[in-house]
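Colleague: Okay, here's what each chain looks like letter by letter:
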Amino acid sequence: MVETTGRTTSRPVTACLSSGKGGVGKTSLTVNLAYALAQKGLRVLIVDGDLGLANVDVLLGLQVKTTIRDILDRGADPLEAVIYVEPRLGVLPSSSGVPDLANLGPQDHHELGEILKSICGHFDIVLVDTAAGIGSSVLWFNTFVDYNILVLTPDPTAMTDAYALIKVLSRDYRRQNFHLLVNQVKNEAEARQVYEHLSRVASHFLNLTLDYLGGVPRDASVSQGVRNQMPFIKVAPQSKAALTLFRHAERLRRWTTPRAGTHKTAGKAGG
Amino acid sequence: MSKPLGSPVSCPLGADDCPMRAESQRLREECARLREECARLRELSHTDPLTGLFNRRYMKMALEREMERTRRTGLPTSLIMIDLDYFKRINDTYGHQTGDDALKWTSGVWRKNLRRIDILCRYGGEEFAVILPGTRLQAAKKAAKRLQTALVSSPLELQGRLVALTASFGVDTYTTLEELTARNFLKRADRYLFEAKINGRNQICCQQPETAKLTPEVTVDERSWLLGAAAPPATEMDREKRASKKG
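Protein sequences appear in the order of chains W and F.
All residue numbers for the first sequence refer to numbering that gives the first Met the number 0, where the first residue is 0 and numbers rise by one.
All residue numbers for the second sequence refer to numbering that gives the first Met the number 0, where the first residue is 0 and numbers rise by one.
No lab work stands behind these hints, which were simulated from the structure alone.
Among the hints, a few may not be true.
What the hints assert, rightly or not - Partial list, computed: chain F residues near chain W (C-beta under 10 Å):
1. 28
2. 74
3. 112
4. 175
5. 217
6. 220
7. 225
8. 226
From the three backbone atoms N, C-alpha and C, an ideal C-beta is built for every residue, glycine too.
Here chain F stands alone, though its shape is the one from the complex (with noise of 0.2 Å):
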């Protein structure tokens, strides 16, 4: 929010016709501006400032525009959302320092684990989300299983004792077969999320291929009958559709 201007400049000479008046009136503006500016700059910061990772507003905008790029270049965009398992128990035992030392902990680790080009956010919490773009389901659920072996074989040291933390992945892709907001594909991969924490936690759940679109699908049925000349005859009904189409 700007301050308020306060009253308008007036000349110390008395001169209220001075060109500078004008002049030193309109710098006054200019800055409550740039300080309003900045202002809006410093709240679309992209940083959370605990772990050094983008924030949740960033990474929202970032898989926005990588879901453009798929619809403009047809690559995949991938993301896995996380969630570290039993994070409460640390804050309860071990106190909020130290479950804040355990999130840096873990960002430092994943860091080294993803491509330059990859984004890696902290989403809220003990929520973290990667945004792979380019990347196909394959590759991104190889990924998710490199951050999760990675977080188990760095075991952390609180309070003189090692600590393996674990965390469930939900691995989701937007390719350009379907129509899908970022709110949506977001929504999907926490669904898969949901999936691996119901399911026991410490495991990755994804997208089965099978529901992936572009596979022949042809069916048994029609595959018998296609290879098997045994199509049945033509029925009244075949006949008479085909009639009143080509009329």
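Bound-form chain W, shown alone (with noise of 0.2 Å):
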């Protein structure tokens, strides 16, 4: 049974994992997340960001109808674009290959934000997988979302492009808090490593302060995974990978309840 429609909380958190450099894991971070959050009891959006070069719908074998584009183009309700992948879990597709889906006009924006305003509110917590780079689409989904979660590996280059976004958005977006999620990783002392140093370069370089999410160890059930389309949290929750990711998805259920002290900087969406 899908229980979701019809009911609606005031206001469901909203989170977007981007990465600057493309292939660190974004998007299977991004679903399997999403998956142990909602075996964790909530009602999960996954909103494929990655509007030119879509790949949610790839990994989980998806047969995608309606995208994100027909309902910029012809007004499709985007209720019924939603695919339903567990009772729980919904997965708002994007189209691949349509380039300049990739970078929105200002109005196009606009009116996506106010499509996802609109279906939001039937879910607890909103993940959006935005493409790699620092592209008007992923910039203006990281000031939407409440959260920015920066996905990288200990792969310089990884580290030097997360680097770039987080002074793009804190500088020209003002956007102050930046949650780490380390992939790939020989153990938690690596994560924490790569952790540490970007986190003394943004501290000297852009005065913030980073939030450390977690590390993700380098597993081959992760790979076994994307290759079966299928989750490895699903396939191998009892993996390394899977079960810290299942401590990291505790952390983002934290986030759904609020409390006193929260940081929560509610996104605007620019327009």
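Work from the hints to combine the two standalone chains into their complex.
Modeller: As structure tokens, this is what we get:
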């Protein structure tokens, strides 16, 4: 039974996973975090924010009928476009290979914002998987959401690109809170080290304090999951990667229970 | 301005309560209003009478409109400000009639070298402006180059002599990354035109790509810290800052 329709919460939490560099595992982590959150009883929506080169649908082997493009162009019903892969887990798909959608104009962004706001209420948490780089849509999604999660790997270019994105977002869009998720690490110590390193540079040059969300170990079950178009958290729930990701999902779950002192910098859509 | 309406309409039969009287009074007022409207529209007319190009008034209106389009669609708007070089010499040597002919000639050459969506205006005197809707800086620079080449390679005959005119160009582009009024956009493009003039004329000056905003802008220092594992250990101040922010 799909029990999500008709029920709305006042204000769901929105978060976006970005990276600067491509191929660091953004989509995979978004999907697996979403599964973990759904298993914790939350109603979750994944928005495929890679508008030009969508791949959430590929990762999950979905048959996409209606995409964000159709909603913007034809006024298709956004709720109809959502594909439920689990009773509590919906995916709002994008269209692949439509380069002009990768960089929507301010008017399109405004409309996209309205569309997302109109369906967000049916979920407790919305995770946006953005494109790589610092294109206008990546920046827009990052200003639209409450929480900015940066995915990176110990690879120096991944670190530099993540830093570049943080710099642009903090300087030009006044975003202050960034949560680092370090993927493909040998162990927790390596993840910490990457965080500390980037954190120090950001503190020195940008006067920013970065938040450590955690590390995700390199794990054979991850690549296997991608190949089988199944989230590793589902096919290998006891793997190291799955277990740590459940822990990180718990952090995200706590964001949805408001309490005093949480930092939510409510997003203002750049129109 | 409307002409005074004169004395009120009177009935030739002396029937002061005739319903036609009110109607003809209304028509008379309507005519006056239309005359006024006509005058206003004439004043608003968009054409430069000499060259047949859009005039300065229309240019300002069009620039506001295209900049609004940029804000709505995210597509950039480019602007080229142009000034014919040493035009005063033409007027002084050959007379003003020839000067006017040269302006007409130039307008014709440039009109043929622009797209249908581009808006070519006579800004005043020997100054011209081109608005290029939905056009990035690189493409606008190319358009300016095309206009420059077209003018140089189309000499006009002045009293039996072939004279090649040249012009200076200032090119600028407005994107959604900045807040800018049409007035300031014009001013900025004008500055590039001025630069082209003082640099020796017959050339194109424009915004340098380095100043375009959205480059990653990771400085050499930042990069070396990021890549070299060369970040110094957290200072006492760093630690304090972090502790106070967390608290």
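Colleague: Run every hint past the structure and note whether it holds.
Modeller: We went through each hint and held it up to the structure:
1. 28: violated, 44 Å
2. 74: holds, 7 Å
3. 112: violated, 28 Å
4. 175: Cβ of residue 175 of chain F sits 6 Å from chain W, so the hint holds.
5. 217: For residue 217 of chain F, the interface hint holds, since the closest Cβ of chain W sits about 5 Å away, which is under 10 Å.
6. 220: holds, 7 Å
7. 225: Residue 225 of chain F check passes; min Cβ-Cβ to chain W is 5 Å, inside 10 Å.
8. 226: Hint on residue 226 of chain F: holds, closest Cβ of chain W at ~5 Å, below 10 Å.
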